[in-house]
Amino acid sequence: MVHRREINGAPALFGNQGDLFGNAMTWWDHETGSVWSQPRGEAILGPLTGTRLELLPSTLATWADWRSAHPDTLALDVPGWATGFHLDDMAIVVDRGAETAAYRIPDVRKERVVNDTVGGIEVAIVIDPATPERWAVFSRRIDDRVLDLELIPAGLRDRATGSLFDPFVGRGRSGPLRDQSLDRIPAFTSFPEDYWTFFPTGSMWPDEAAAPG
Amino acid sequence: MTLLAALAFGFMAVAITTQNTDTPARITPADPAATFNPVSPGADLPDGYRIGFPRDQIAPVYEPVFTTAAAVDWPADSLVIGVAGEQEAKAYPVTHLNLREMVIDSLEGIPILVTW
Numbered sequence: 027m028v029h030r031r032e033i034n035g036a037p038a039l040f041g042n043q044g045d046l047f048g049n050a051m052t053w054w055d056h057e058t059g060s061v062w063s064q065p066r067g068e069a070i071l072g073p074l075t076g077t078r079l080e081l082l083p084s085t086l087a088t089w090a091d092w093r094s095a096h097p098d099t100l101a102l103d104v105p106g107w108a109t110g111f112h113l114d115d116m117a118i119v120v121d122r123g124a125e126t127a128a129y130r131i132p133d134v135r136k137e138r139v140v141n142d143t144v145g146g147i148e149v150a151i152v153i154d155p156a157t158p159e160r161w162a163v164f165s166r167r168i169d170d171r172v173l174d175l176e177l178i179p180a181g182l183r184d185r186a187t188g189s190l191f192d193p194f195v196g197r198g199r200s201g202p203l204r205d206q207s208l209d210r211i212p213a214f215t216s217f218p219e220d221y222w223t224f225f226p227t228g229s230m231w232p233d234e235a236a237a238p239g
Numbered sequence: 137m138t139l140l141a142a143l144a145f146g147f148m149a150v151a152i153t154t155q156n157t158d159t160p161a162r163i164t165p166a167d168p169a170a171t172f173n174p175v176s177p178g179a180d181l182p183d184g185y186r187i188g189f190p191r192d193q194i195a196p197v198y199e200p201v202f203t204t205a206a207a208v209d210w211p212a213d214s215l216v217i218g219v220a221g222e223q224e225a226k227a228y229p230v231t232h233l234n235l236r237e238m239v240i241d242s243l244e245g246i247p248i249l250v251t252w
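Chains A and B are the protein sequences, given in the same order. According to the working numbering, the first sequence holds residues 27 to 239 in order. According to the working numbering, the second sequence holds residues 137 to 252 in order.
Since the hints were derived computationally from the structure, they do not count as laboratory data. Note that beta-carbon positions come from the ideal geometry of N, C-alpha and C, so glycine has one too. Watch out, some of these pointers could steer you wrong.
Just a few of them, taken from the derived set where beta-carbon distance is under 8 angstroms, the chain B residues facing chain A [as the list claims (entries may be wrong)]: (1) I163; (2) P177; (3) G178; (4) F189; (5) P190; (6) I194; (7) F202; (8) V219; (9) E244; (10) I246.
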């Protein structure tokens, strides 16, 4: 999402509050410390409660499509890309409120796809084994059908129907489900120590069912 | 030439095509620990609010740096969030937003907040 970060006409700085509200991210503004809900674009706690940011138009597109539409586009430079992060030391966290699960990235890389259920939601954790920065978490339910997914060179494949999906976008590519898309599930990366601190009752795939100690 | 200077003189298109990077605006983030926080373990929080990580533990990109489309080797089918103004367009790769979640930026002088 893209918002105009102006409060009462003045530019404002925002940071990551780190909490979840309605399963979506929260921000804090540097001026007042108020807490904001991302999907609402609105302060929900603190002095600015009720204040909203203007939502600006933005597009979620493939790089090829965006570049084709905007040949002069600037591209966010990611120097060193993962500097400061060692992805193989981290886990992908899926927090569904009722249940939280984490997946150690090296283990997911070996499997490429982990089909799991978190908080009653059937999910698939997908990672590019060659480039762990490329990962995604999808719902693997389409209407009444629960998919069993695997990652093959041609894409993300439903074992039952043979349908293929783009592995990181989720759009159907071929097969009976080609007109469907997989819904993205919010997720983020964390160091396991931090995960256990903040989600002590969570689980860690594949083998840690509860927080140590 | 800085981004702001480029905007001021209307030479944005020139700036885009003739340089590889913009100089980010200098930003001094507030200290999360020293700023008022209405969320604490005993606070009265709305339904559906769940305390997670400390502020900025997932660090926002406060000073984004940009390059040209030709200078990056992102996969064609990788996802970006794109924003476009009259003359300027910017793309933020989702793979990076997965790690950082927030970018504090501007588009044609308008301060924007990009979040994932």
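Inset, instruction - Have a go at the P177(B) hint: is there a Cβ in chain A nearer than 8 angstroms to its own Cβ? - result: 12 angstroms, violated
Inset, instruction - Please verify that hint: P190(B), Cβ, nearest Cβ of chain A, below 8 angstroms or not. - result: 6 angstroms, holds
Inset, instruction - With chain A as the partner, please determine if I163(B) meets the hint condition of a C-beta pair closer than 8 angstroms. - result: I163(B) check passes; min Cβ-Cβ to chain A is 7 angstroms, inside 8 angstroms.
Inset, instruction - Identify whether the interface hint at I246(B) stands, where standing means a beta carbon of chain A within less than 8 angstroms of its own. - result: Holds - the Cβ of I246(B) comes within 8 angstroms of chain A, reaching about 6 angstroms at its closest.
Legend entry - Supplied contact hint for V219(B), tested at 8 angstroms Cβ to chain A: With a minimum Cβ separation of about 5 angstroms from chain A (threshold 8 angstroms), the hint on V219(B) holds.
Legend entry - Agreement of hint I194(B) with chain A interface, Cβ distance less than 8 angstroms: Hint holds; I194(B) Cβ to chain A Cβ min 5 angstroms, cut 8 angstroms.
Legend entry - Interface hint for F189(B), Cβ within 8 angstroms of any Cβ on chain A: 3 angstroms, holds
Legend entry - Minimum beta-carbon distance criterion (8 angstroms), E244(B) to chain A: 11 angstroms, violated
Legend entry - Interface hint compliance - G178(B) to chain A, C-beta minimum distance less than 8 angstroms: 14 angstroms, violated
Inset, instruction - Double-check F202(B) for me: the hint is only fine if its C-beta lies closer than 8 angstroms to a C-beta in chain A. - result: With Cβ-Cβ at 4 angstroms, under 8 angstroms, it holds.
Against the hints set out earlier in the document, violations occur for numbers 2, 3 and 9.
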